[in-house]
Structure formats: C-alpha cells, structure tokens
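The listed protein sequences correspond, in order, to chains A and B. Anchor point for the first sequence: position 214 equals 214 in the numbering used here, and the numbering is continuous, going up by one each time. Anchor point for the second sequence: position 106 equals 106 in the numbering used here, and the numbering is continuous, going up by one each time.
Honestly, the hints are just simulated from the structure, not real lab data. There could be a bad hint or two in this list.
Claimed, not checked - Partial chain A-side listing against chain B, Cβ under 7 Å, derived: (1) 42; (2) 43; (3) 56; (4) 62; (5) 99; (6) 136; (7) 148; (8) 164; (9) 177; (10) 212; (11) 238.
Claimed, not checked - Just some of the chain B residues that point at chain A, by a computed CB distance under 7 Å: (12) 39; (13) 41; (14) 61; (15) 97; (16) 138; (17) 142; (18) 146.
To be verified - If you want the footprint, here are the derived chain A segments under chain B, 3+ residues with CB under 8 Å: (19) 14 to 20; (20) 167 to 176.
No residue lacks a Cβ here, since even glycine has one placed at the ideal position from N, Cα and C.
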Amino acid sequence: MDFKESGIMYAIAAVVIAFVIVQSVFFIVKAWKRAKELGITKETLKNTVISSALFSVAPALSILTTVIVLASALGIVLPWIRLSVIGNLAYETVAAQSVLDVFGVSLSTEVSDPAQFGAVAWVMTIGSCFPLVLLPFLCKFVHKKIGAAVNKSEGSSKVGDVLSAASFIGIISAFIARAINGKTSDGVGDAGFMSICVLVSSIIFSLVLETLCTKYNLKKLQPFAMPLSMFGAMGVAILLNMFAPESLVSFTWWG
Amino acid sequence: MKKNKLTERTYFDKVHTWGRIWSVTALAVLVAVPVSICLYFNVWPAAQDVFKALIKVIPLYWGTAVIEVITYTPMLGAGGTYLSFVTGNISNLKLPAGLNAMENAKVRANSEEGEVISTIAIGVSAITTTVIIAVGVLLFSPVLPYLTNPDSVFAPAFTYVLPALFGALGAGYFKKNWKIAIFPIVIGCLVLVFAPTLVVGTLLFITIVAAMLGAMLLLKLKWI
C-alpha cells in the first residue's frame with residue numbers, strides 16, 4: 001500500500017477532522033445560548049444555519065478541487081488534512097511546491113520518498129501556523145481597540161452605520177476588484193470576459209431574488225437567495241463555456 | 001444598563017479565554033501531524049531542506065498573517081476569528097459566510113448580536129466544509145477528477161466560484177451604498193494594475209482602509 005494513504009495517515013486525518021468539528025460545535029453551542037439570552041429569535045438562528053450551510057457547499061467543492069490537484073503528488077490524505085485545518089486554496093499549493101523545488105521535483109510528479117513527504121508536511125504546517133501563535137496575544141487587543149473605536153463612532157448613529165457598511169464594502173470590493181482586474185498565480189481564472197460575466201450575473205440574480213423576497217414577502221426564500229444567486233452565476237459560467245465563442249471565453253486582460 | 005454592559009464584557013472575555021485555549025490546542029494538533037508522520041515512518045527531513053523552502057514561504061505568509069488577524073478580527077467577531085483561523089479558508093469561505101449571516105440577521109459586526117450570529121454562521125460553515133471534503137475524499141475521490149479537471153463541463157463553475165460568491169454577497173450592499181462602493185473598487189483595481197497577483201489579505205486591508213476613508217469624506221461633504 002502507498003505509504004501516503006496508509007492507515008496511520010487516515011488515523012491522523014480522523015483526529016484532525018474530529019478536532020475541527022468538536023471546536024465548531026463548542027463555539028456554536030456557546031453562541032446559541034448567548035443568542036437566546038440576547039433575545040435573538042429561533043427563526044433568525046435557524047435561517048443563519050441554513051443559509052450558512054448552503055452557502056458553503058460550492059466553495060467547499062472548490063476546496064475539494066485543490067485536494068484533488070495536490071493528491072496526484074502527495075496522495076489524498078495529507079492535502080485533505082491540511083485543507084481541513086488552517087489551510088487555504090492558494091497557500092498549500094505554494095508551500096508544497098516550494099519544498100518540492102528544493103528536491104528538484106514538481107507537484108506533477110508523485111512523491112515517493114517518505115523523507116520528502118515529511119518535509120512537505122513540516123513546511124505546510126510551519127508556514128501556516130503563525131496565526132495560531134498570534135491570536136492568543138493579538139485577538140483580544142484588536143477586538144477591544146477596534147470595538148471601542150466603532151462604539152465611540154456609534155455615538156453618532158449615522159457615522160456608525162456608514163463606517164459599519166464601509167468596512168463590509170471594503171472587504172467585498174477587494175474580491176470585486178480581483179474579478180474585474182486580478183490575476184491568479186497559476187493563470188487559471190484570471191480576470192476577463194468570464195469573470196466579469198459571472199460577477200454581473202450573480203449581482204443580477206441576487207438583486208432579482210431580493211426584490212422578489214421583498215415584494216411577495218417570501219421569508220422562506222430569503223436564506224436561499226444568496227446561495228441560489230451564487231449557483232445561478234456558476235451555471236452561467238458553464239453555459240458561457242459551452243456556447244460562447246472560444247475567443248471570448250478565453251479572453252483575459254492579462255493575455 | 002450597567003448590568004447589561006457587565007454581562008456583555010463577561011461574555012466577550014469568556015470567548016477570548018475559550019479562543020486562546022482552542023488556539024493553543026489547535027497548534028499542538030497541527031504540529032502533531034508532521035511529528036506523527038516522521039515518527040511513524042521514521043524519517044526526519046534535513047533541517048536545511050525544510051529551511052530552504054520555509055524561507056520562500058514565511059516572509060509572505062507570516063507577514064500576511066499579521067495583516068489578516070488585524071483585518072478579519074473586527075469583521076468576524078472574537079468567536080468567529082478564533083474558529084476561522086483554525087479551520088482556514090477565511091477569505092473564500094468563512095468571511096463571506098459571517099458577513100452574509102450578519103446582513104440577513106440585520107446585526108452589526110461589532111455588536112454582541114453580530115458576534116453570536118457570526119460565530120454560528122462560521123461554525124456551521126466549518127462543519128459543512130469539513131463534512132463535504134471528508135465525504136468527497138472518502139466516497140467520491142475516484143470520480144471527482146472527472147468533475148473538476150479542466151476539460152470537465154463543470155470546471156468553469158469552480159474556476160469562477162469567487163466572483164459568483166462575492167457578486168451575490170455584494171449586490172445588496174452596493175445597491176444601498178453605491179456611493180461608498182465606487183472608491184474602494186477603483187482603488188482595488190488600480191492596485192491590481194501594478195500588483196496583479198497581490199495576496200488577498202493585503203488587498204483587503206487596502207480596500208477596507210479606502211472604503212472607510214472614502215465614506216468619511218462623503219460624510220464630511222454631506223453626500224451621504
């Protein structure tokens with residue numbers, strides 16, 4: 001049996017997965033109890049759960065894609081572990097490639113030396129663990145300082161509302177800007193015709209669904225509006241890829 | 001009123017205590033992975049090989065980590081932050097999940113209501129993702145390459161998942177606050193002209209600052 005997919009690797013994966021789930025359940029239970037004390041309705045909490053679960057399906061499948069991409073070199077279990085704890089789409093690929101560069105191999109070749117495999121595991125771990133070192137020292141400080149600043153500005157309700165909206169918009173703007181003009185490190189999904197069409201479609205789907213929910217008081221549809229808009233736009237990407245001229249589909253600003 | 005403030009402080013303090021314990025435990029679990037691999041297979045990679053690779057990775061990712069902790073913490077809330085940094089995939093999953101939930105529940109990120117809603121949304125998102133990846137790996141790994149390989153009919157859907165996600169998330173905000181939205185998007189696009197592959201954590205920091213400054217200016221000019 002391939003050492004990368006041996007029993008011990010699956011056992012390690014099981015421990016990591018169990019840890020992530022137990023931690024998530026712990027925080028959900030604590031927050032749920034506090035929400036009840038704060039008078040947040042059961043319906044709001046239920047909608048939060050449904051919407052968040054649905055919303056996570058497509059990005060999770062996208063993460064799964066990275067697991068599969070890395071699996072050709074590292075087996076399926078290590079990428080699975082790394083993308084279940086701290087990992088992210090871009091980081092793990094870069095970290096793995098950096099180690100394999102040292103050994104003069106690439107991600108397109110299977111790692112057959114356990115020592116190289118161990119080195120990959122170490123670099124992926126050390127490179128990504130820094131936030132966990134920072135959080136115990138920094139999180140409370142940042143949370144309190146920024147919280148105090150926002151609460152101060154909320155003395156004027158209008159300023160508070162505007163700054164709150166602005167910070168949300170700032171986050172979303174980064175991703176909108178990337179869809180309009182960004183470039184990926186591997187050249188897949190660079191900004192251009194497809195990214196802009198998908199972006200505009202999802203905005204249109206979202207606005208249409210929001211209007212329908214408001215106009216016809218469709219409260220049950222509301223938690224599904226956001227995931228449905230996202231899936232709709234992903235469907236547009238598939239249709240464009242099938243039916244639009246190749247020159248348009250492959251057009252990006254970055255050539 | 002005084003009692004409420006006291007209760008609020010106590011809850012946040014508790015979250016930070018839990019969060020610190022979980023972060024340290026997560027760090028131990030994380031480091032245990034390569035340790036277990038090396039112990040079991042009895043292979044210890046040469047320190048200089050690991051160091052050579054780390055020297056390329058650390059300046060970028062450790063620097064970004066500092067920016068990310070400062071940027072994400074006010075947005076995700078305390079519980080959401082501790083959870084997100086353990087489970088990862090923040091910008092493409094946990095952050096939008098938290099923002100979407102707070103928007104739907106009509107609560108502010110920095111309020112205690114925002115704190116609990118964000119934590120629940122991020123917790124559910126983490127469980128959903130973990131389960132989907134686990135099921136995908138265990139049951140569907142033989143067929144998944146056919147769905148996700150570049151020639152698959154579904155491939156474009158996954159390639160453009162982020163524009164689809166943030167377009168849907170941003171639509172409502174942009175409709176209500178289009179004057180605030182223009183400036184950070186323009187700044188983001190301009191930055192990308194000069195640094196097209198800039199990491200998300202750094203770009204986020206720039207666009208958030210741009211959005212806040214732009215909004216303050218609009219307020220001062222009484223345009224909003």
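Evaluation of the provided hints:
1. 42: violated (12 Å)
2. 43: violated (10 Å)
3. 56: holds (4 Å)
4. 62: Hint on residue 62 (chain A): holds, closest Cβ of chain B at ~5 Å, below 7 Å.
5. 99: This hint holds: residue 99 (chain A) lies near chain B, its Cβ roughly 4 Å from the closest one there, short of 7 Å.
6. 136: At 4 Å from the nearest chain B Cβ, residue 136 (chain A) passes the 7 Å test, so the hint holds.
7. 148: violated (10 Å)
8. 164: holds (5 Å)
9. 177: Holds. Min distance 3 Å.
10. 212: violated (13 Å)
11. 238: holds (5 Å)
12. 39: With Cβ-Cβ at 10 Å, over 7 Å, it is violated.
13. 41: holds (4 Å)
14. 61: holds (5 Å)
15. 97: Constraint on residue 97 (chain B) satisfied, holds at 5 Å.
16. 138: violated (9 Å)
17. 142: violated (10 Å)
18. 146: violated (10 Å)
19. 14 to 20: holds (count 5)
20. 167 to 176: holds (count 10)
In this structure, the earlier hints numbered 1, 2, 7, 10, 12, 16, 17, 18 are contradicted, and the remaining ones agree with it.
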